[in-house]
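Chains W and A supply the protein sequences, listed in that same order. Read in order, the letters of the first sequence are residues 933 to 1273 in the numbering used here. Read in order, the letters of the second sequence are residues 933 to 1273 in the numbering used here.
Note that these hints are calculated values from the structure, not bench results. Certain hints may be false.
Given that identical chains are not distinguished, each listed pair holds provided it fits within a single copy or across any two copies.
As the list claims (entries may be wrong) - Distance condition first, Cα-Cα at most 30 angstroms in a straight line; then the derived DSBU-like pairs of lysine-lysine: (1) K1025 <-> K1050; (2) K1102 <-> K974; (3) K1025 <-> K1089; (4) K974 <-> K1248; (5) K1215 <-> K1233; (6) K1248 <-> K939.
A quick note: this is a predicted structure, and the numbers were derived from the prediction, not measured.
There are 2 protein chains.
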Amino acid sequence: MSSNKGKYDCISLGHGSGGIMTRDLLDQIIFKTFSNPYLDKKHDGSIVPFEGELAISTDSFVVSPIFFKGGNIGSLAVHGTVNDVAMCGAIPKYLSLSFIVEEGLSMNDFQRIVNSIKTASETSGTIIITGDTKVVERGKGDKIFINTTGFGLKHPKARISSEHIETGDKILVSGNIAQHGMAIMSEREGLQFESDIYSDSTNVNFLVSSLLDSFGDAIKLMRDPTRGGLASVLCEIAETDQLGVQIHERALPIDIQVSAACEILGLDPLFVAGEGIFLAFVKGNQSDAVLEAMMNDEKGKFAACIGEITNDHPGKVVMNSSIGGKRLVTPLIGEQLPRIC
Amino acid sequence: MSSNKGKYDCISLGHGSGGIMTRDLLDQIIFKTFSNPYLDKKHDGSIVPFEGELAISTDSFVVSPIFFKGGNIGSLAVHGTVNDVAMCGAIPKYLSLSFIVEEGLSMNDFQRIVNSIKTASETSGTIIITGDTKVVERGKGDKIFINTTGFGLKHPKARISSEHIETGDKILVSGNIAQHGMAIMSEREGLQFESDIYSDSTNVNFLVSSLLDSFGDAIKLMRDPTRGGLASVLCEIAETDQLGVQIHERALPIDIQVSAACEILGLDPLFVAGEGIFLAFVKGNQSDAVLEAMMNDEKGKFAACIGEITNDHPGKVVMNSSIGGKRLVTPLIGEQLPRIC
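With the rest of the complex left out, here is chain W (with noise of 0.2 angstroms):
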C-alpha cells in the first residue's frame, strides 16, 4: 500500500493525483516537516481558536529562478506574507501553504524548498495550519509557484490606516532598499558583479511588533516596498490619499554594490523591490524616537528617515535629487522587472 519516497528522483503527475502518491509525498515531505497539532489531523482544512481581530493577507509566489543569494521561493513566501500580516498592524500567527509544481521538479529542490518553508516559518514565529498540492504538466507552470495566506491577531495598540497621516508626518524606511530585486536580476541575467548582492528576504514581523510596542498611534502606516519598489508605494499612497509625498535623495539608504548594479543596467533603484524592509509613515514629533529603535535592532540597522508629509503638491511624489534639484516621482506603467516575487 505504500511506495518509498526513494523510488521517486522528482515530482510526477501522479504526486498531484489525491491517490497513493500523493499522500506518500504529503507524508514523507510536508507532514515530516512541519509537524504541528493542527496539520497532523491531515483534513482538508484547520480550525484554530482565535479571538480579536483578524489579519489576513494572500500572495503567490513565482519568483524566478527559484533558488537565488540569500534565499529561495520557499523562504520568500513565507517572509513576503509573514510581513503583509505585519504591515496591517497584526502579530502573524498560522500559515496556509499551497504548491503548484511543475512535473520534473526533482524531489531534492522540493525538500530544500520546503526545509527553507520550516526554517522561515519558525523564525517567525509562524505554524503551517492546512496546505495543498497541485501538479501540472511540464511546460504548464515553472518548476513550482508557492501561495502562502497568512493569519495573524491584530496588535492591541495598532491604529494603521492612511487617514491618520497628516502634514509633518515621517517617512522612514526600515534599511537598504533594493537589495532584493538586485540579487533576483543578477542571478537571472547570470550577470557578474565585483562583488555578491544577497537578497533581503526576511521577516520583519517581530521589529514591527516592538515598535508597535513602544510607539503605538505614532506609527500610522506601514508598507514594504516590494514589487515596484519605493516609489511604486510612495506613488499610490499620494494619489490614494491625495497627500504630498516630499522624499530626499541623498538619505536613501542603498548598498553601494546594489546602487554600482542598478547603474550598470540602467535600473532606477526607487522602482526595485525590496524584500526585508518596509516603510514607517510616523508622526513627527516621534519619528526620531521610532528611528533609534529601529536602528537599534539588527533588521533594521540601515533605517533612514527619508521624507515627509508636505502641504506642497499633493498627490504627488517629488524627490529632492543630491544634486540640488526637485524630481517629479512618477509610477511606472508597465513592467521593470517581471517576477521578482
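Take the given structure of chain W and dock chain A to it, following the hints.
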C-alpha cells in the same frame, strides 16, 4: 496617470508589475467587481473581527480546460474552498483570492472568470477580503491558476472528528458521484456523448450548516470526494483510523449518462471527482433522519446511504458488488485524471 481597460485585449507582464498597469487592472476588474469595505482599503491585507474557532482551508486550482459545462475555474475555486471549510464543520465567511495568470489570457476571459467568482462567493455567503495577482510569461503557466483560502466560524454544534466514528455508523453521500470529473473529461478530450454531462460544482455549505443545526454531533465526519473520488477518501479514512468500511455498489447514486461515459472511457466512477457532493459518516440510529433531511434539500436530492462501518476488515474498504460478490477497493497509486481541479 491612468490607462483605460479598452487599451488591453489581454493580460501582459506589465499587469503583474506593481505599477500603473497593475493598479488599473485591479481598479477596473478586481476592486470594481468585488467592492466591499475590507477590499476597498486596498491594503496588503485585511482585518476582520473574529471570535470563536477559526476554520481555515486553502486550495490552488489548476483545472484544464478553464471553462467547462457547469462552471469554470473561477466558480470552482470558490466552491472547492467553501466546501472544504464546510467539511471542517464550519460556516464559511471570508475568502482570499490569488491569481497566477499566463501572459496572453484574454481580458474577456479574465473578466468572465472574475464574474463567476463574484457570483459563486455571493451564493455561498462569503466575501473576498484580500487578494493578489501575478503574471508569468507565455509558456510558464497555463492560462490561469487560482488560489483561494477560506475562513469560517466553527458551527457551534459541530463535533467533527474521525475519532468519533464507530461500528454501525452509516455512510451517506449527498448526491450523484463522478459528475465533475466526467464533465471535465468530456470537455478535455472533445468526447461526444449523446447527452451533455455538466459539472456538479456548487457550494454545499448551507446544506451542511442546516444538517449540523439539526443533528449536531450525530454527524461525525464529512469529506468531499474531489481528486481521487469516493474511493480515495474512503480508503484514506479506513487506513488512517483503522476502520472497516463497507459500501454497496447498488446504492451508489450516479447519473446514467455519467455511468455510461465512464464505461466508454474505461474509468471507474469510484475514483472520479465530484465538486458538489460530500460524504457524511453518521451515527447509525440517526442516519435515516439525516438522509431524509439531505434529500429534502435541492443540493441533496440524490443523496443515498451507501454503506456502513463494520467490525470486519479494519483498515479496508470492501464493496458488495451489484452482482453479489465482494471487491476490495484499493487506492489508486498515481494519476487517473490529471488537473481535474
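So, going through the hints one by one against the coordinates:
Taking the shortest Cα distances, K1025 and K1050 sit within 30 angstroms of each other both inside one copy (14 angstroms) and across copies (29 angstroms). With identical chains, the CA atoms of K1102 and K974 are at most 30 angstroms apart between copies only, with a shortest distance of 22 angstroms across copies and 48 angstroms within one. Taking the shortest alpha-carbon separations for K1025 and K1089, both the intra-copy value of 17 angstroms and the inter-copy value of 26 angstroms come in at or below 30 angstroms. For a Cα distance limit of 30 angstroms, the shortest separation of K974 from K1248 across copies, 19 angstroms, qualifies, whereas the shortest one inside one copy, 51 angstroms, does not.
When the C-alpha separation of K1215 and K1233 is checked against a cutoff of 30 angstroms, the pair qualifies only within one copy, where the shortest distance is 20 angstroms, while the shortest distance between copies is 61 angstroms. When the C-alpha separation of K1248 and K939 is checked against a cutoff of 30 angstroms, the pair qualifies only between copies, where the shortest distance is 25 angstroms, while the shortest distance within a copy is 59 angstroms.
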